[in-house]
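> Sequence:
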Amino acid sequence: MPESTRGVTVKDVASHDFVIAYAAHLKRIGKIEVPKWADLVKTATHKELAPYDPDWYYIRAAAIARRVYLRAGTGVGAFKKVFGGRVHRGTRPEHFGKASGSIARHILKELETLKIVEKVPGGKGRRVTSQGQRDLDSIAGQIGEK
1 MPESTRGVTV
11 KDVASHDFVI
21 AYAAHLKRIG
31 KIEVPKWADL
41 VKTATHKELA
51 PYDPDWYYIR
61 AAAIARRVYL
71 RAGTGVGAFK
81 KVFGGRVHRG
91 TRPEHFGKAS
101 GSIARHILKE
111 LETLKIVEKV
121 PGGKGRRVTS
131 QGQRDLDSIA
141 GQIGEK
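Going by UniProt numbering, the sequence shown opens with residue 1, and the numbers climb by one from there.
One thing to keep in mind: the hints can contain errors.
[Claimed, not checked] Each computed DSBU-like pair below joins lysine-lysine, with the alpha-carbon atoms no more than 35 Å apart:
(1) Lys124 - Lys81
(2) Lys109 - Lys98
(3) Lys31 - Lys80
These are computed hints drawn from the structure, not numbers from a lab. Please read these numbers as outputs of a predicted model, since none were measured by experiment.
Produce the entire structure from the sequences given, and follow the hints as far as they go.
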């Protein structure tokens, strides 16, 4: 199929560009309810401070939506691992520390209310709905045009 007639999907655009554009879209539509604690909470136990970016919640939601799009069946435990990092232990060797599960869980519930993701039957994570795939691909198409 010629390149010009093929649609642009999330897989065709750079991840950073997509996450920034989709986060701006989520903020613009205003349907994601950011919790009151979002400006106070650390994103992981190994972090020292809360995120500096006031829009970090939308960026994390966009990153989670992209991950679910690319790999159906992804759950909270996988996002704890994906967004985890190194635990600094002074002079001792560093270890891996998982991220907060409550943030990922809350974002997945918000994305479910927007009908972007849905639970996989049998309790095996989340997957993107057809409406969610259409929304994500439309944002990717806007990036592809630039």
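> Determine for every hint whether it applies to the structure shown.
How the hints compare with the structure:
1. For the hint pairing Lys124 with Lys81, the CA-to-CA distance comes to about 16 Å; that is within 35 Å, so the pair holds.
2. About 20 Å separates the Cα atoms of Lys109 and Lys98, which keeps this hinted pair within 35 Å; it holds.
3. Between Lys31 and Lys80, the direct Cα distance comes to roughly 24 Å. Compliance with the 35 Å bound is thereby established for this hinted pair.
Taken one by one, the earlier hints all hold for this structure without exception.
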